[in-house]
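There are 2 protein chains.
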Amino acid sequence: MTFEQWMRAVLERVEHALEQYLPPVSTAPARLHEAMRYAVLGGGKRVRPLLCHAAGELTGARAEAVEAASAALEMVHVYSLVHDDMPCMDDDALRRGKPTVHVQYDEATALLVGDALQSQAFVAITEAAGTLAPLQQASLTRELAFAIGSLGMAGGQAIDLASVGQKLTRPQLETMHRMKTGALLRAAVRMGALAGETPDAAALQALDAYAAAVGLAFQVVDDILDVTTDSATLGKTAGKDAKDGKPTYVSIIGLDASRELAAQLRSDAHAALAPFGARAQRLAELADLVVNRVS
Amino acid sequence: MTFEQWMRAVLERVEHALEQYLPPVSTAPARLHEAMRYAVLGGGKRVRPLLCHAAGELTGARAEAVEAASAALEMVHVYSLVHDDMPCMDDDALRRGKPTVHVQYDEATALLVGDALQSQAFVAITEAAGTLAPLQQASLTRELAFAIGSLGMAGGQAIDLASVGQKLTRPQLETMHRMKTGALLRAAVRMGALAGETPDAAALQALDAYAAAVGLAFQVVDDILDVTTDSATLGKTAGKDAKDGKPTYVSIIGLDASRELAAQLRSDAHAALAPFGARAQRLAELADLVVNRVS
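Top to bottom, those sequences are chains Z and U.
Note that the working numbering has the first sequence beginning at 1, numbered continuously upward.
Note that the working numbering has the second sequence beginning at 1, numbered continuously upward.
Worth flagging that the hints you see were computed from the coordinates, not collected in a lab.
Treat the numbers as computed from the prediction; the structure is a model and nothing was measured.
Be aware that one or more of the hints could be misleading.
Since the list gives no way to pick out one identical chain from another, each pair is judged satisfied if it fits inside one copy or across any two copies.
Said to hold, decoys possible - Taking lysine to any residue and the SDA-like style, the derived pairs with C-alpha atoms no more than 20 angstroms apart in a straight line are:
| # | residue 1 | residue 2 |
| --- | --- | --- |
| 1 | LYS167 | ALA28 |
| 2 | LYS167 | ALA284 |
| 3 | LYS240 | GLU197 |
| 4 | LYS167 | ARG31 |
| 5 | LYS167 | GLY239 |
| 6 | LYS167 | ALA30 |
| 7 | LYS45 | LEU11 |
| 8 | LYS243 | SER231 |
| 9 | LYS167 | GLN281 |
| 10 | LYS45 | GLY97 |
| 11 | LYS45 | SER295 |
| 12 | LYS240 | TYR38 |
Bound-form chain Z, shown alone:
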């Protein structure tokens, strides 16, 4: 199977899982469920689900188990986008090529969509009772909750907000991104692996090193694309970081050095996968995808 075929197959399974784990519009409150589905379905690169599936293949995780974990990861990611786009945060009107939730619906609905998607992620993990053993459900819950709380994603958001107009050092910028986006990407890899045969400590450490490199690469490339690509291609407002006075890799080390850094991080990611040999092929290909993407 080529990487493209693998991706297409996974993306189809992810879409189906999201469809299944989101409450139907026919259930009350209909408008909230409609808005949750509007935010989650039919868009997005699904990077976290892809990482989760690729890591799950390493440990022989069952498809249904990885699907539940993937759905949880994507719902959490979308919740963070919906809240991040709200007027009191980044105040953005465009996301995944569509009006953001507070524009399409209203602010209160956007707030509740994010809140409910976070909860629904934990529902997905613990609803998969037939496919995940209790110990796995507990591990996956712990991984996800730690990754997205004040010591992870939400904390990174807080640092991001506080850094507007500030001059951050490169280590400070890295800390922010490690929390804001890196923690959830790392959780995607770990949750995929933990959904199968429990990996040993060395394997988890190698996966952490891989995820750290990919997570940082993801952000560096985001910063590059923000200044080199138009809004239509990105599906979100381009040039926004510079306009908002947000520190980025490009603003701190320049465009050329940012591109070199992305290439270096890709090498680091590949190197981290060495112990797994050919079994880590999909993870390696995903590292390439993250660095080579154009949107």
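Got chain Z; can you put chain U on it based on the hints?
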């Protein structure tokens, strides 16, 4: 031990557990952690933790297990208050006798405080790995996640917002409250029970009936207090429901009938506890507390 002594002892343990499960201000991001602690600590009636502890006594749950569950419940409750008070929702400036989080800090911080408290609740449940078996962690996660998502608390909020200025029937009002506040109160009772020896189906059913009555009573009394008590006593803005055009028990069935209903629901709660005999004493006393409270 008198009920007052029991309450005091439990409240002390709850405060200690919250203190322990909230990240310290010395950890970055300091301002977010300070705001989380501002929202959670030193205030509130702690009704959900009290119900959780009382139910845990029925099934012999260990203190540490109930403390983790209680901390999770209270953090989720506070997250819902913080978001509910935001300008795009109820736009309230006073809570638990203090300025609300978005007033004391800012809107973005209030949003992140709520988001991070929800995550931290799931951290608390799965951090208590030494005291809760994996199956219990999974059950408690499931109970909490279901109770607070779009089919529970967040969904009830959505219906509440949509009902402003509407004329609800009494069954519609009940559905809204069953989701908005009832679901989490029910989870408090169930999580306490599930933290001990797994209760049988009949016991869980009896506890559900108790929780349904107490949950509704809680809301009916809230509606009564909203029109009969001043803001200083309540610690939040009085008379707000009427001003906001929100349907309440008092507006639908009147003050006298609301008082009768609260008394009836207390009897229902007591009746539901009959199978447990004297072991359910604290739960019975809590039903009295909910109905007789003056703030």
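Now for the hints, and whether the structure bears them out:
In this assembly of identical chains, the alpha carbons of LYS167 and ALA28 lie at most 20 angstroms apart only when taken from different copies (18 angstroms versus 47 angstroms within one copy). In this assembly of identical chains, the alpha carbons of LYS167 and ALA284 never lie at most 20 angstroms apart, being 34 angstroms within a copy and 58 angstroms across copies at closest. Taking the closest pair of Cα atoms, LYS240 and GLU197 never come within 20 angstroms of each other, the shortest separation being 43 angstroms inside a single copy and 54 angstroms across copies. Proximity of LYS167 to ARG31 under the C-alpha cut-off of 20 angstroms is restricted to the inter-copy arrangement: shortest distance 19 angstroms between copies versus 42 angstroms within a copy.
In this assembly of identical chains, LYS167 and GLY239 lie within 20 angstroms of each other by CA distance solely inside one copy; the values are 18 angstroms within and 47 angstroms between copies. Taking identical chains as interchangeable, the C-alpha atoms of LYS167 and ALA30 lie at most 20 angstroms apart only when they sit on different chains, with a minimum of 19 angstroms there against 45 angstroms within one chain. When the C-alpha separation of LYS45 and LEU11 is checked against a cutoff of 20 angstroms, the pair qualifies only within one copy, where the shortest distance is 9 angstroms, while the shortest distance between copies is 47 angstroms. Taking the shortest alpha-carbon separations for LYS243 and SER231, only the intra-copy value of 14 angstroms comes in at or below 20 angstroms, while the best inter-copy value is 44 angstroms.
Neither within a single protomer nor between protomers do LYS167 and GLN281 lie at most 20 angstroms apart by alpha-carbon distance, with minima of 39 angstroms and 60 angstroms respectively. In this assembly of identical chains, LYS45 and GLY97 lie within 20 angstroms of each other by CA distance solely inside one copy; the values are 12 angstroms within and 45 angstroms between copies. Within a single copy, LYS45 and SER295 get their C-alpha atoms as close as 9 angstroms, which meets the 20 angstroms cut-off; across copies the closest is 50 angstroms, which misses it. In the homo-oligomer, the alpha carbons of LYS240 and TYR38 never lie at most 20 angstroms apart, since the shortest distance is 24 angstroms inside one protomer and 33 angstroms across protomers.
In summary, the numbered hints that this structure violates are 2, 3, 9, 12.
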